[in-house]
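All chains, please: the whole structure from these sequences, using the hints.
Quick note, the sequences are listed as chains A and B, same order.
So for the first sequence, numbering that gives the first Met the number 0 puts the first residue at 0; every next one is plus one.
So for the second sequence, numbering that gives the first Met the number 0 puts the first residue at 0; every next one is plus one.
For the record, the hints were derived by calculation from the structure and aren't laboratory data.
Glycine residues also receive a C-beta, built at the ideal position from the N, C-alpha and C atoms.
Hints may contain errors.
[Stated by the list, open to error] FRET-style restraints, in silico, Cβ to Cβ: (1) B:Arg22 / A:Ser66: 27 to 37 Å; (2) A:Thr190 / B:Ser50: 49 to 59 Å; (3) B:Asp21 / A:Glu63: 21 to 31 Å; (4) B:Ser50 / A:Thr13: 49 to 59 Å; (5) B:Met0 / A:Thr13: 44 to 54 Å; (6) B:Ala46 / A:Pro64: 24 to 34 Å; (7) A:Leu226 / B:Pro51: 56 to 66 Å; (8) B:Met0 / A:Pro26: 29 to 39 Å; (9) A:Phe67 / B:Gly24: 25 to 35 Å.
[What the hints assert, rightly or not] Sample of chain A residues lacking proximity to chain B, with all beta carbon distances greater than 12 Å (derived): (10) Thr108; (11) Pro113; (12) Gly164; (13) Asn167.
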Amino acid sequence: MLKDTWRIGECEMTSRFFLGTGLFPSPFVQQEAIAASGAEVLTFAIRRVNLESVEDDSILQHVEPGSFTFLPNTSGARTADEAVRIARLARASGLSDWVKVEISASDKTLLPDPIETLRATEQLVKEGFTVLPYISDDPVICRRLEEAGAAAIMPGGAPIGTGLGILNSYNLGLIIEEASVPVIVDAGLGTASDAALSMELGASAVLMNTPVAKAKDPVGMALAMKLAIEAGRLAYLSGRVPKKRYASASSGLESMMLKPASAGDFGS
Amino acid sequence: MKLIINGGEREVDARTMAEVIDRLGLSGKPVVAEVDGHVLVAEEWEAFPVSPGMVIELVHFVGGG
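Okay, here's the thing in structure tokens:
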């Protein structure tokens, strides 16, 4: 089998697992989980430095430079303008020109605001960013984002951090079928089967944070997710059988017919 | 001089942005700066003069998904 790589812009990747860096119980567990995941892309958030306590609490101190592609997000943004501002700050770090546009419209669901997300994507593409918008699983807005120049589309399986899994595999399948850029299922996944299903539907990759970081054993779950992503991808490439309403024997009915035994068969 | 840093007023004895970063104990740390709404990359800090009332935002990367 040929090496199964994929690309975003100029970046060729083997791993199909984007891992978030929030919520881990310790930097040590986080590093072990990153290693177990095989992830090549790590996501971060951007926040004000706490000037009252300036010990180095940046996440970057725990990550080996040069080993990963960094995907800063715009979490906390409520409008396109705020997201653009955060993206510009992230790029000024010199670490990456990739940005995950994340603009929440509700504190309760953290569901993305599609209008503001589209506006931010248009602006950031103009400014030369590699834009990966997090968006709801609506095929129409996904198409609009692609037309706006998004390098990948990242529809959610369910609201962030809920672990509800893929709530609408029909929509997700349609988005994947119609997209000509990579589709990365982002948010709401809970366990390995959700990751496998994402890949079986034909997603190019999966982005997760909470189901790994908040698992009882984050390192074990990171490995489980990695294997599930690989299994789901292989199943997608191999092609599942069509679903049928009724049974069909796998050994052929003819071979099941045994002749009725006669008295002589058992000897005397 | 008085500067507005991360939403709060602070008295900082500094002439340049690099000195502001130094006075706050942030030298060598992966910090990104915005001054009066404009992003200022680290290479510009040394030559960038600060003046009273400037609004400075200092951010860094934290864990997130």
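Hint-by-hint comparison with the structure:
1. B:Arg22 / A:Ser66: 27 to 37 Å: holds (33 Å)
2. A:Thr190 / B:Ser50: 49 to 59 Å: holds (55 Å)
3. B:Asp21 / A:Glu63: 21 to 31 Å: The hint (21 to 31 Å, Cβ to Cβ) holds, given that Asp21 (chain B) and Glu63 (chain A) are roughly 27 Å apart.
4. B:Ser50 / A:Thr13: 49 to 59 Å: holds (50 Å)
5. B:Met0 / A:Thr13: 44 to 54 Å: Taking Cβ atoms as reference, Met0 (chain B) and Thr13 (chain A) lie about 52 Å apart, which means the hint holds.
6. B:Ala46 / A:Pro64: 24 to 34 Å: holds (26 Å)
7. A:Leu226 / B:Pro51: 56 to 66 Å: For Leu226 (chain A) and Pro51 (chain B) the Cβ distance comes to about 58 Å; the hint holds.
8. B:Met0 / A:Pro26: 29 to 39 Å: Hint holds: Cβ distance 37 Å, inside 29 to 39 Å.
9. A:Phe67 / B:Gly24: 25 to 35 Å: holds (27 Å)
10. Thr108: holds (15 Å)
11. Pro113: It holds; Pro113 (chain A) is separated from chain B by about 20 Å at its closest Cβ, greater than 12 Å.
12. Gly164: holds (16 Å)
13. Asn167: holds (21 Å)
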